[in-house]
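Assemble the whole structure, with the sequences as input and the hints as a guide.
Protein chains in written order, with the working numbering: chain A, 1 to 306; chain B, 1 to 246; chain C, 1 to 246; chain D, 1 to 246; chain E, 1 to 246.
Derived by calculation from the structure, the hints in this document are not laboratory data.
Backbone N, C-alpha and C fix where the C-beta goes; we use that ideal spot for every residue, glycine too.
Take the hints with a grain of salt, since some may be wrong.
Taking lysine-lysine and the BS3-like style, the derived pairs with C-alpha atoms no more than 25 Å apart in a straight line are [as the list claims (entries may be wrong)]:
#, chain 1, residue 1, chain 2, residue 2
1, C, K141, C, K157
2, C, K6, E, K56
3, A, K78, B, K101
4, E, K127, C, K141
5, E, K89, B, K157
6, A, K217, A, K38
7, D, K214, C, K157
8, D, K93, C, K141
9, E, K93, B, K157
10, D, K89, B, K141
11, B, K4, C, K141
Covered stretches of chain B (chain C as the covering partner; in silico rule of three or more C-beta atoms under 8 Å from a C-beta of chain C) [claimed, not checked]:
#, segment
12, 26-40
13, 204-216
A short, non-exhaustive set of chain B residues, derived as facing chain E with CB atoms under 7 Å [stated by the list, open to error]:
#, residue
14, F3
15, P143
16, Q145
17, A151
18, A158
19, S159
Take a look at the letters that make up each chain.
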Amino acid sequence: GSPASSGSSQEESLKLGLIPVEDNFPFFVAEKEGLFTKAGLKVELVPFNSARDRDLALQSGSIDGEVADIVATALLRKGGTPVKIVSLTMGATPAEGRFALLARPGADISSPGQLKGRTVGISENTIIEYVADGLLREGGVDPGSVQKVAVPQIPERLQLLLGGKLDAALLPDPFASLAARKGARVILDDTKINRNLSQVVLIFREEAIKQKTPAIKKLLQVYAGAASLIARNPSAYRELFIEKARIPAELRDTYLAPQYSPPQLPRQEEVAAVMDWMVAKKLLAAPYKYEELVDPDLVNPGGNNR
Amino acid sequence: MPFKHKIVAYLGSILFLFGCWWLLARGINNPGLPEPRLALQGLARFWPELARHLYFSVYRVVVSLALALLLAVPLGLWAGRNRAVDSFLAPMVYLLYPVPKVALLPVAMVLLGIGDGAKMLIIFLVIFNQILITTRDAARKIPDQLLLSVASLGAGKASLFRQVILPACLPDIITASRVSLGSAISVLFLSETIAGNSGLGYFILDGLFRADYGAMFAGILTMAGMGLVLYILLHLFEYLLCPWER
Amino acid sequence: MPFKHKIVAYLGSILFLFGCWWLLARGINNPGLPEPRLALQGLARFWPELARHLYFSVYRVVVSLALALLLAVPLGLWAGRNRAVDSFLAPMVYLLYPVPKVALLPVAMVLLGIGDGAKMLIIFLVIFNQILITTRDAARKIPDQLLLSVASLGAGKASLFRQVILPACLPDIITASRVSLGSAISVLFLSETIAGNSGLGYFILDGLFRADYGAMFAGILTMAGMGLVLYILLHLFEYLLCPWER
Amino acid sequence: MIRVTGVSYTYINNGARVSALEDINLTIPAGQACVLIGPSGCGKTTLLYLLAGLLKPTRGEIRINGARVTRPRRQTAIILQDYGLLPWKTVWKNAALGLALRGCSRQRQQEILEPLLAALGLSGLEKRYPAQLSGGQKQRVAIARALSLEPDTLLMDEPFSALDALTREGLQQTLVDIRRQRCLTTVLVTHNIEEAVFLGQQIVVLTAAPGRLKAVLENPEAGTPDYRFSETFHRNCSRVRQLLQK
Amino acid sequence: MIRVTGVSYTYINNGARVSALEDINLTIPAGQACVLIGPSGCGKTTLLYLLAGLLKPTRGEIRINGARVTRPRRQTAIILQDYGLLPWKTVWKNAALGLALRGCSRQRQQEILEPLLAALGLSGLEKRYPAQLSGGQKQRVAIARALSLEPDTLLMDEPFSALDALTREGLQQTLVDIRRQRCLTTVLVTHNIEEAVFLGQQIVVLTAAPGRLKAVLENPEAGTPDYRFSETFHRNCSRVRQLLQK
Ligand SMILES: Nc1ncnc2c1ncn2[C@@H]1O[C@H](COP(=O)(O)OP(=O)(O)OP(=O)(O)O)[C@@H](O)[C@H]1O
Ligand SMILES: Nc1ncnc2c1ncn2[C@@H]1O[C@H](COP(=O)(O)OP(=O)(O)OP(=O)(O)O)[C@@H](O)[C@H]1O
Ligand SMILES: [Mg+2]
Ligand SMILES: [Mg+2]
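So this is what it looks like as structure tokens:
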């Protein structure tokens with residue numbers, strides 16, 4: 001094409017950090033289908049293997065935004081990186097984004113009450129611990145009464161659980177399903193409770209929001225488009241899902257892709273619950289207000305905005 | 001030792017290693033450590049893809065090793081022959097070397113982003129220190145007689161470095177390269193698991209995340225093989241560069 | 001160089017480092033790299049807790065370094081003086097050394113638990129190879145004359161090892177310990193961040209996860225300080241063990 | 001008694017072959033003093049190494065007291081051309097090394113070495129390291145070490161070359177005395193014709209490289225008092241000189 | 001011309017002080033040959049190092065041609081007691097080192113060295129490494145290196161000690177010839193009284209350690225044809241011997 005048409009302006013390019021898990025699948029579908037280009041966007045999806053490295057990259061300005069959670073967002077702000085949530089991508093309902101607390105194979109644990117004093121593998125000061133605390137409370141157990149062991153990386157937590165070195169561990173899907181398939185017992189499951197504990201959010205650096213508002217808006221539209229593509233024809237993206245969401249071979253025939261809701265803003269009370277937990281954990285001196293964490297202007301007003 | 005015997009010895013010990021691995025895998029019977037067979041199958045299954053990752057990894061290791069040698073060797077020689085430089089440099093090295101490289105990750109990312117640059121910087125920083133320490137210690141040990149004798153021929157500082165200090169330290173520098181090559185590959189693994197989707201480190205971690213231990217160990221095998229080949233190349237360099245030691 | 005000057009040089013270069021850090025922190029202006037002031041405040045704030053973690057880390061590093069020396073040095077000396085042993089051992093080392101040990105940590109932990117065992121095993125495995133390679137290369141370089149002269153006094157194999165080969169390699173073994181100490185601390189950090197709630201690695205990562213960069217860098221400072229002190233101890237050992245090099 | 005039959009020796013370096021000795025036949029009765037003399041590079045040192053069992057003949061065989069020499073014997077002492085002192089041992093420890101290797105008690109070592117070091121003019125230097133000695137002092141330490149051993153065979157490679165004329169003559173006399181007392185079979189390499197004639201009951205003259213026997217002179221009066229000033233002494237000196245010149 | 005005024009030298013090792021030379025005063029006119037003789041350990045080597053600018057006098061000063069010596073001069077060649085050959089250079093490269101350092105072209109090096117090596121009996125050994133030479137051959141390489149330089153001052157530390165009597169006498173004559181031709185100021189250390197008297201126009205006798213001047217003999221006939229067989233020669237030999245004995 002001519003130089004004028006091929007030159008994608010700086011404002012239209014976005015760098016997005018994400019961990020290749022099922023939460024982010026619509027982005028990969030959009031990439032595969034060329035939806036970004038069609039929308040006149042230049043989006044680079046940068047894969048990370050740990051939330052820690054992803055957040056460091058955002059902090060250093062190497063990426064414009066990332067798919068994260070509310071705890072990470074608040075901590076980034078606390079650490080001096082101005083970021084804001086622009087939309088929820090997963091976890092609009094409790095059924096989305098499954099986390100489960102599992103007991104190791106062969107352990108004599110069948111009810112939450114038996115977890116008292118046992119070792120529970122989590123990732124400290126993250127959404128994982130928040131979910132763990134929430135689940136334990138739901139199960140009627142004081143989170144302080146279990147022995148938390150920090151195992152930040154999920155695959156390692158899985159291996160230690162299966163190897164019997166942890167009595168229990170909190171795992172997201174598909175690892176939770178895999179552990180269950182290998183003999184671990186699900187004690188608590190966040191899709192089976194009434195509270196909505198885990199939300200996946202799309203966040204951007206504030207300067208990116210300021211400079212690239214149209215691009216981010218388009219991105220959200222593309223995301224919505226990809227989500228509906230998946231909903232309409234899940235089997236067409238099966239292979240891509242197995243690959244991009246890193247579904248273990250044992251589960252490839254049984255594990256189903258989750259539902260993806262269209263972009264929307266997180267609920268006030270969910271954000272507040274996270275803030276209260278963080279203050280109680282002394283991760284924050286004072287809770288952030290909803291407006292400090294969320295930028296309400298980017299989600300398409302036609303969307304499911306509550 | 002004749003060349004033929006060497007090859008036999010190499011093959012023998014590789015077989016021995018596989019044997020140990022097999023026994024260990026059987027013994028502990030944990031999916032995290034699969035039998036060699038599974039790894040070899042993984043190798044066959046993923047070969048073309050693995051080769052692509054291998055290419056990136058080799059590139060990163062070799063470039064950072066070369067850069068580290070280029071900078072650390074002269075500095076080490078200098079510090080080894082100059083007490084004042086050393087007592088300024090040593091505490092810096094001793095303080096910086098143990099600093100966990102994650103601490104440097106933000107700096108690396110700000111300066112170089114998340115591409116090859118940052119990965120190679122992290123590798124570079126680790127082995128720079130190793131080569132610096134070894135070279136400095138080697139330069140310190142050079143007998144004064146040798147230096148005196150060449151100085152008495154009227155050699156200036158520069159000639160002394162080129163004619164005496166550098167060749168005297170060459171064997172130790174090669175040893176340092178051996179040690180650093182291993183470290184470089186370890187750090188490579190770590191830096192490739194941070195971000196991006198290329199390199200053997202990524203491949204291995206990807207296998208771990210998918211709980212596909214066959215793929216994971218195929219990656220580990222490839223990494224080990226890459227190490228072995230690079231080591232053999234280093235031996236070749238030594239043979240060529242140090243003819244007086246044959 | 002007199003002792004006093006040395007202390008001045010050390011202090012000078014530490015100040016210089018802090019200066020660089022300060023400038024860098026200002027320059028890149030990223031919360032991930034706070035100013036030194038914050039780290040020092042963190043140090044004051046967390047001291048008693050840090051001391052407990054420091055204790056664990058020191059214990060893990062020192063024990064694994066000692067174990068690695070105890071096993072790798074004799075093996076390295078043997079391989080260095082015996083071609084047959086070497087051509088069996090070398091390929092094993094060259095294959096195993098590049099294997100990313102960190103990838104094996106989960107397996108090690110499944111075997112040995114989340115406590116000290118697995119962590120120390122991985123540290124041990126990394127530095128064992130480094131010490132082995134350096135010691136072997138050093139043993140190879142011993143001039144035949146020296147061996148002949150002691151052999152001519154009727155020394156048996158054992159005496160030759162104790163009287164000639166070991167002391168001849170001692171300076172290189174100390175260099176290897178220096179390099180390995182740094183590697184050991186790096187691996188320590190990694191292994192402490194994989195699982196468990198103790199050690200400086202845990203403390204640093206905890207700070208990072210809390211976005212409490214003051215605490216994080218207080219941990220890093222403590223780790224660097226631990227490295228420096230262990231290095232000074234190594235210098236002391238060298239001074240005591242190699243009086244002929246003073 | 002030393003019996004050398006048809007001994008040849010060829011050095012092999014990197015494929016290149018250098019013939020150093022060809023078809024040497026010698027018989028040195030027990031208690032006799034034999035002197036090797038010949039142009040520089042003719043293989044004297046090589047022959048001494050062969051006698052000491054430090055090298056193995058390419059052809060032929062060497063027997064001492066009927067037993068074939070294949071490795072260093074306990075009863076053979078040797079002084080190497082480059083002294084063979086261990087840089088990491090003090091003068092005392094270097095001198096005592098042979099005794100220590102034979103399991104001699106501390107006290108016995110002291111009894112033997114103290115007078116010996118005094119006689120060699122080394123008193124007061126016991127705590128120095130070889131690097132802190134002059135050339136002649138190093139050589140005398142090597143002599144002390146060899147003489148301390150009470151061997152039955154003594155092999156010496158230019159043992160007095162770095163000593164001043166007077167010390168040298170004194171030591172020549174000491175050597176004669178010790179040989180007589182202990183019935184020591186002695187083989188000495190020298191370049192000094194007078195020394196050869198004064199010390200050698202049998203004088204072996206070698207040709208230029210590769211060394212062959214040129215002549216074996218009998219010189220029964222060697223070492224007798226005032227032999228230096230006798231007519232025979234001067235005649236024998238001239239004969240050796242002529243043989244060397246041819 | 002060399003002028004030594006009130007020179008003392010003290011070695012300091014680890015705090016211990018060893019006085020090697022005390023209050024040496026000497027004047028050696030340009031083109032003259034001076035020989036240093038004295039008991040082993042009296043400081044001859046030390047004095048040579050001082051003259052070469054390789055050590056700095058503790059007290060006093062040394063001037064060559066009026067200029068104070070503080071570091072090695074380009075026009076001074078030196079042959080060290082331990083030869084000072086570089087183990088990693090072949091015979092040819094070692095011999096050519098001085099020329100190469102002076103930026104001499106390949107061809108010029110060849111023109112100078114080829115006849116020199118031939119005269120020293122080293123033809124055919126050009127590609128060997130020092131470790132593959134006999135003691136005397138090494139010494140001759142060092143001689144070749146020093147003579148190749150066409151210096152104005154030549155310092156030699158027992159340069160012929162490892163050579164056979166005939167080679168030695170030949171080289172003594174060569175030295176006399178070269179000194180005459182090139183008007184070379186020569187300082188030679190020897191233990192051989194005949195050599196001292198044949199070569200030294202000025203013979204400096206030192207006392208036992210710490211070395212002081214005992215006597216300075218004028219010996220104007222040194223180096224003249226047939227001097228060896230003259231009456232004066234024998235008389236001077238006896239005088240030197242007496243001076244040494246006192
Ligand atoms: N390692 C070696 N490799 C090859 N050639 C060697 C080696 N060592 C010695 N030679 C050669 O073997 C010959 C004999 O050497 P040797 O050291 O025995 O001589 P030598 O009679 O002791 O001489 P010198 O009086 O100079 O000490 C020499 O020509 C020397 O060049
Ligand atoms: N590095 C050193 N440290 C301490 N003392 C030393 C050192 N080097 C030499 N000496 C001492 O200084 C004195 C003079 O040494 P030097 O080497 O000059 O003697 P020399 O006259 O050359 O003897 P030789 O004839 O034995 O070679 C000796 O007594 C020696 O022990
Ligand atoms: Mg010899
Ligand atoms: Mg000397």
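Results for each hint:
With a C-alpha separation of about 18 Å, the suggested pair K141/C and K157/C falls inside the 25 Å cut-off, and the hint holds. The suggested pairing of K6/C with K56/E holds, with an alpha-carbon distance near 24 Å, which does not exceed 25 Å. Pair hint K78/A plus K101/B holds up; C-alpha atoms about 23 Å apart against a cutoff of 25 Å. Between K127/E and K141/C, the direct Cα distance comes to roughly 21 Å. Compliance with the 25 Å bound is thereby established for this hinted pair.
A distance of roughly 19 Å separates the Cα atoms of K89/E and K157/B; the hinted pair therefore holds under the 25 Å criterion. Straight-line distance between C-alpha atoms of K217/A and K38/A comes to about 14 Å, which keeps the hinted pair within the 25 Å bound. A distance of roughly 38 Å separates the Cα atoms of K214/D and K157/C; the hinted pair therefore is violated under the 25 Å criterion. The hinted pair formed by K93/D and K141/C meets the criterion: a straight-line CA distance of about 23 Å does not exceed 25 Å.
As the CA atoms of K93/E and K157/B are separated by approximately 19 Å, the hinted pair is consistent with the 25 Å bound. Distance check on the hinted pair: K89/D and K141/B sit about 17 Å apart at the alpha-carbon level, within 25 Å; holds. Between K4/B and K141/C the alpha-carbon distance is near 24 Å, which keeps this suggested pair within the 25 Å criterion. Coverage of the segment 26-40 of chain B by chain C holds in this model, with 4 residues showing a Cβ closer than 8 Å to a Cβ of that chain against a need of three.
Coverage of a stretch by a chain is defined here by at least three residues with a beta carbon nearer than 8 Å to that chain's beta carbons; for the segment 204-216 of chain B and chain C the count is 4, and the condition holds. Evaluation of the F3/B hint against chain E yields a violated restraint, the C-beta minimum of about 22 Å exceeding 7 Å. Look at P143/B: its Cβ only gets to about 9 Å from chain E, farther than 7 Å, so that hint breaks. Hint status for Q145/B: holds, given a least beta-carbon distance of 6 Å to chain E, under 7 Å.
At a threshold of 7 Å, the smallest CB-CB gap from A151/B to chain E is about 5 Å, leaving the interface hint in force. The interface hint given for A158/B is broken, as the beta carbon of that residue sits about 10 Å from the closest beta carbon of chain E, more than 7 Å. About 5 Å separates the beta-carbon of S159/B from the nearest beta-carbon of chain E, less than 7 Å, and the hint is met.
Hint compliance for this structure: hints 7, 14, 15 and 18 are broken, all remaining hints hold.
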